[in-house]
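Novice: From first to last, the protein sequence lines stand for chains B and X. Residue 5 is where the first sequence starts when you use my numbering, and the numbers rise one by one after that. Residue 5 is where the second sequence starts when you use my numbering, and the numbers rise one by one after that.
Some hints here could point you the wrong way.
When chains are identical, the list treats them as one kind, so a pair holds in a single copy or across two.
Claimed, not checked - With a straight-line Cα cutoff of 25 Å, these simulated DSS-like cross-link-like pairs (lysine-lysine) come out:
id: 1; residue 1: K82; residue 2: K155
id: 2; residue 1: K27; residue 2: K131
id: 3; residue 1: K76; residue 2: K131
id: 4; residue 1: K55; residue 2: K76
id: 5; residue 1: K55; residue 2: K27
id: 6; residue 1: K124; residue 2: K100
id: 7; residue 1: K85; residue 2: K131
id: 8; residue 1: K155; residue 2: K100
id: 9; residue 1: K155; residue 2: K131
The set of hints was computed from the structure by calculation and includes no laboratory data.
Listed below, chain by chain, are the residues.
Protein chains: 2
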Amino acid sequence: MPKNVLFDRNEVLNNVTDLFWRKGYNGTSMQDLVDVTGLNRSSIYNTFGDKFQLFEMALRHYQSTQNDWLRKAFSEAKSPKEAIVSLFHGISDDIKAGNQKGCMLTSCTSELSAEQPIIKDFLIENKDRVVASFAALIEGAQQLGEISDQKDPRTLALYLFSSLQGLRVTSMLEPDLEGVAEEVLSIL
Amino acid sequence: MPKNVLFDRNEVLNNVTDLFWRKGYNGTSMQDLVDVTGLNRSSIYNTFGDKFQLFEMALRHYQSTQNDWLRKAFSEAKSPKEAIVSLFHGISDDIKAGNQKGCMLTSCTSELSAEQPIIKDFLIENKDRVVASFAALIEGAQQLGEISDQKDPRTLALYLFSSLQGLRVTSMLEPDLEGVAEEVLSIL
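Isolated chain B (complex conformation) (with noise of 0.2 Å):
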């Protein structure tokens, strides 16, 4: 008879989700998937399937948390500009507070874009969607004159899109950045 399989799906996903952005796709062994979930290797293959779909997974459910995060962040705003200083205000209060973490996503890129085409895939579509919203704010603010319609939005989205990789990256060297936020905010 098989033996039950009891855990709550969720909260599993989050800590594999926690431990692959903490130490890395090839840097996580089936051994720590084990420990991390308190689910044997069979259990694990057959619930989520092999390590890199269980990868991808993982990728998937930060990229859907940061984007509840994003969406919460822009719709409290009270402006389009306000949106976009809140969420880089956020980011670096979130470091100075002691988050050394940095981005699954922007991780992700430096460790498998190269190696891994479906990755890389995913990435790339992500960062588009993420400069898609940023344009978006950026034309928004642009309207009620709050930056200048001199800019191009595609381009200074791109630029947001940069920082906060720049910002991500160097927040695992660096606690302070709250002069570099202001810096990147600058020029809007």
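With chain B fixed as given, assemble chain X onto it according to the hints.
Specialist: Structure of chain X alone, referenced to chain B:
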């Protein structure tokens, strides 16, 4: 009688550095190192030590080629501000010419700084050195009136460092960052 080991140490180090840069520390196996060097395992262990020691050597080798390149770029520039501008233009030109490899030090920050204190210390030292070089250039440019002296040199230097990290990670997903580099420089 021991077999003679004849090889070009510098060529081996270049190949090993390229491999670790592309695949990361955890993504590189001893077999990959055997394949790329043409040496057998015992020759690698006897000459360079274990995989971690070889990685540290590759990281220092990469850092030294980056330092040489920076020193050359800075010495050829007509002024301190010009040195910063040409550095960012050089990087965005290189990206546009098809270099999607990112930066080994940036990728290493994402992969290992949370898990390997020795590597994190090395990366913090490297960051401090690059930031100090940028700060010296900014102070020089301020004395010449090329950059406003209202700006704090250290904050601006850290902004340039962070922007560089962002450009190098983003280049792995996006081949045209000329406009982004211009936006980064626009605050100088």
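Novice: All hints are to be evaluated individually against the structure, with a verdict given for each.
Specialist: The hints, checked one at a time:
Within a single copy, K82 and K155 get their C-alpha atoms as close as 22 Å, which meets the 25 Å cut-off; across copies the closest is 29 Å, which misses it. Proximity of K27 to K131 under the C-alpha cut-off of 25 Å is found in both arrangements, the shortest distances being 22 Å within a copy and 22 Å between copies. For a Cα distance limit of 25 Å, the shortest separation of K76 from K131 inside one copy, 19 Å, qualifies, whereas the shortest one across copies, 34 Å, does not. Taking CA atoms no more than 25 Å apart as the test, K55 paired with K76 passes in neither setting, with 32 Å inside one copy and 45 Å between copies.
In this homomeric assembly, K55 and K27 come within 25 Å of each other (Cα to Cα) both inside a single copy, at 13 Å, and across copies, at 18 Å. Taking the shortest alpha-carbon separations for K124 and K100, only the inter-copy value of 18 Å comes in at or below 25 Å, while the best intra-copy value is 30 Å. Within a single copy, K85 and K131 get their C-alpha atoms as close as 20 Å, which meets the 25 Å cut-off; across copies the closest is 31 Å, which misses it. In this assembly of identical chains, the alpha carbons of K155 and K100 lie at most 25 Å apart only when taken from different copies (21 Å versus 31 Å within one copy).
In this assembly of identical chains, the alpha carbons of K155 and K131 lie at most 25 Å apart only when taken from the same copy (20 Å versus 31 Å across copies).
Taken one by one, the earlier hints fail for this structure only at number 4.
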